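S.K.: Here's the letter readout for the chains.
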Amino acid sequence: GQNIDQPTEMTATEGAIVQINCTYQTSGFNGLFWYQQHAGEAPTFLSYNVLDGLEEKGRFSSFLSRSKGYSYLLLKELQMKDSASYLCAIDSWGKLQFGAGTQVVVTP
Amino acid sequence: DSGVTQTPKHLITATGQRVTLRCSPRSGDLSVYWYQQSLDQGLQFLIQYYNGEERAKGNILERFSAQQFPDLHSELNLSSLELGDSALYFCASSAGARGQSTDTQYFGPGTRLTVL
Chain A
1 GQNIDQPTEM TATEGAIVQI NCTYQTSGFN GLFWYQQHAG EAPTFLSYNV LDGLEEKGRF
61 SSFLSRSKGY SYLLLKELQM KDSASYLCAI DSWGKLQFGA GTQVVVTP
Chain B
109 DSGVTQTPKH LITATGQRVT LRCSPRSGDL SVYWYQQSLD QGLQFLIQYY NGEERAKGNI
169 LERFSAQQFP DLHSELNLSS LELGDSALYF CASSAGARGQ STDTQYFGPG TRLTVL
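So the sequence lines, in the order shown, correspond to chains A and B. Residues 1 to 108 in the numbering used here are what the first sequence lists, from first letter to last. Residues 109 to 224 in the numbering used here are what the second sequence lists, from first letter to last.
None of these hints come from the bench; they were simulated from the model. Only a predicted model underlies this, so the values are computations on that prediction, with no experimental measurement involved. This list has only true hints and no planted wrong ones.
Once the Cα atoms are required to be at most 20 Å apart in a straight line, the calculated SDA-like pairs of lysine to any residue come out as:
1. A:Lys-95 <-> B:Glu-183
2. A:Lys-76 <-> A:Pro-108
3. A:Lys-95 <-> B:Ser-173
4. A:Lys-95 <-> B:Asp-137
5. A:Lys-95 <-> B:Arg-134
6. B:Lys-165 <-> A:Gly-28
7. A:Lys-95 <-> A:Asn-3
8. A:Lys-95 <-> A:Gly-31
9. B:Lys-165 <-> B:Asp-211
10. A:Lys-95 <-> B:Gly-150
11. B:Lys-117 <-> A:Glu-41
12. B:Lys-117 <-> A:Ala-39
13. A:Lys-95 <-> B:Lys-165
14. A:Lys-95 <-> B:Gln-152
15. A:Lys-95 <-> B:Gly-166
16. A:Lys-95 <-> B:Phe-172
17. A:Lys-57 <-> A:Lys-76
18. A:Lys-95 <-> B:Gln-145
19. A:Lys-95 <-> B:Glu-161
20. A:Lys-95 <-> B:Glu-170
21. A:Lys-81 <-> A:Ile-17
22. A:Lys-57 <-> B:Ser-110
23. A:Lys-95 <-> A:Thr-44
24. A:Lys-81 <-> A:Ala-39
25. A:Lys-57 <-> A:Gly-31
26. B:Lys-165 <-> A:Thr-26
27. A:Lys-95 <-> A:Thr-26
28. A:Lys-95 <-> B:Leu-138
29. A:Lys-76 <-> A:Ser-47
30. A:Lys-81 <-> B:Asp-109
31. B:Lys-165 <-> A:Asn-30
32. A:Lys-95 <-> A:Ser-27
33. B:Lys-165 <-> A:Trp-93
Produce the entire structure from the sequences given, and follow the hints as far as they go.
M.R.: Okay, structure coming up:
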């Protein structure tokens, strides 16, 4: 199996930084995705890590450590529109296994 | 807008009925994936098709079936519906098949199915 764990909810202030952790247990996988999902809407692609290390994309960065079974998504300069659920997903060659998601609440 | 379209947007039906959900992938994408998202189960992978052929299967019930047509659109058929089948059903598409190193899946807006 691929147990994927994320915190259920995080709250942060507008302009701040939040780090969402994702831990997993799997014997092998192609890469790890992060998606953002607003309530009732489709998940939208944020980032994809294949190799260990940090991938930076504007205000969002994602990190992967295969040896530690760990990834995180870093959201900088938080904006109100960043309030959403953030889903970590293991990519087993096309078959995505999603975590339950972390609901991020951004307060003024 | 991801470029993936799904119809209908909402569907309300009764237990025991059968429904068909439709998905058109992004232009040029050959792979189509179906997911179910319910409150208690999160986002669950159901099935993948690549260029008309089934490529991967997840937690798809025997009452559910899917196919991908020559024009690459896909349909998900749900039969003998139960209350527990009420969920959001998402379709996603990607350029290639399983095995490619970077193959981002882009999700459609979903179909909200309510079984009464």
